[in-house]
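> Here is what each chain is made of, one letter per residue.
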Amino acid sequence: MRNNKKKISGVSTGFIQSLNFSFDGHAFFLVCSAVLLIFGLARPEHTNKISLQVVDIVSPAMAVLSFPVKSLAEAVGNISNAATIRAENVELKLENERLREWYQVALMLEAENQSLKELLSLEIDPQRQYVAAYVLSDAATGFTKSIIIASKEINKVNIDQAVLAGDGLVGRIISVGQNAARVLLINDVHSRVPVVIEGGQQKAILSGNGGAYLDLKYLSAETILKEGKRVVTSGHGAVFPKGLPVGVLFKNKKGMYQVKPYTDINRVSYVRVIQSENNAIDYE
Amino acid sequence: MSDLHFFSGWNNLWRPGIVHIFLFFLYVMNLVSFPLPFTGEIRPYFILMVIYYWAIFRPGFLLSAFVFVLGLLYDLILGFPIGLHAFLFLGVQFLIIRQRLFLMGQTFIMIWIGFFFLCLAFVSVEWIFFSFYSSHLLPLSSLLGIVIFSGVLFPVVSFFLSLLSKLLLPLSGAHLMKSK
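Chains as they are written, first to last, in the numbering used here: chain A, 370 to 653; chain B, 7 to 186.
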């Protein structure tokens, strides 16, 4: 037994010696990294602060340096999109015609809706204020989905404000610094958005899964879903204002209903951060 | 004589300077995604290519302290758990330096295949970590894209790195060729 122990300790010592950790201080920095990792997992609030301070410091330099790289990436994207441009153009023309008709209908309905609300003495929703920002660093990877945004008016941006891009919701602010803010995208696995499916006003929680499409959770058993239905924020939980467009329902290959976001979340360059309005319903 | 000293001093500065500028460029490239069709979110591992290449051919050039800082900044900027990539990058550098004599004796194709496997292992470790971290099985599709895209780009990056390696030849003193 003793011999075995000696043998085991002998083998392990030999193994460690064979690794020759003295090379270039690897062991020291590996231990430092491991300690930092454990500390970061135990106290994420501290490391998040440090992370944002670093982003604040490097963000002006990153804005300048990432410009040529981003341009190159966009050029690659444009080339890869060139093949589908003709078909897309035809489709867009048809859509444009349809939308012009709908625009006139929408104007009439808006006026009618406003006058009816006035008749009923309902509080009319205030106009939304936005802070425009550009995407500084695309921090969305295969594992985490977040972006860093920068704006001259970043001091007006606060935690939990909704972020829109193009036609729909893309995420919410999770941390704000002096020069930049971090946005958690709606397809991150930690993202939860209370939504309603238009038509039947069915409520659900929209959950990110790291992929391009979003999952619907906590739907009631009697919910009847239909492809093409719009999904908008419900305003529950006092984070997202109600009525923000998120995406449309569709049936995936497995026959499950998912939500396709209105905005291509992987290719966001500019965003709008919603200000002031607080239409959200707070149950606390 | 003093002029000669001046030029050798200048040589000692600009040659590693260019190499570091290229490294910095690749580092910035790692902060930007590439919008390619059917791939969704793709971020090739340029830093991994650099660490792999220098660990084989110039093990003393990228100091472990430098790799540690690179990894730390990577985590801080991209919002990963701090220390994760510092640990992974250092681990990769350490393991490749252990195997460099074997890898140096291989053809480029074998080194390339080696990088594919390294990339696959790296992404797998990340996937396991983040799946535990988020208590959610993350999709594998985009990860395969990252491995393939990184592997395909490796010959291009290694071509530039080999050019830069030649730039460092006059400086190939003991501090650059330091290995076991």
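Note that these hints are calculated values from the structure, not bench results. Idealized CB from N, CA, C, for every residue including glycine. One or more of the hints may lead you astray.
[What the hints assert, rightly or not] Selected chain A positions facing chain B (Cβ under 7 Å, derived; list incomplete):
(1) Leu399
(2) Val400
(3) Ser402
(4) Ala403
(5) Leu405
(6) Leu406
(7) Leu410
(8) His415
(9) Thr416
(10) Ala432
(11) Leu434
(12) Trp471
(13) Phe512
(14) Val558
(15) Ser576
(16) Gly580
[Said to hold, decoys possible] Which chain A residues face chain B? A few, computed with CB under 8 Å, are given here:
(17) Gly394
(18) His395
(19) Phe398
(20) Gly409
(21) Arg412
(22) Ala501
(23) Tyr503
(24) Thr513
(25) Gln530
(26) Gln547
> Please flag the earlier hints that this structure goes against, numbers listed from lowest up.
Result: hints 2, 8, 10, 12, 15, 21, 22, 23, 25, 26 break, sorted rising.
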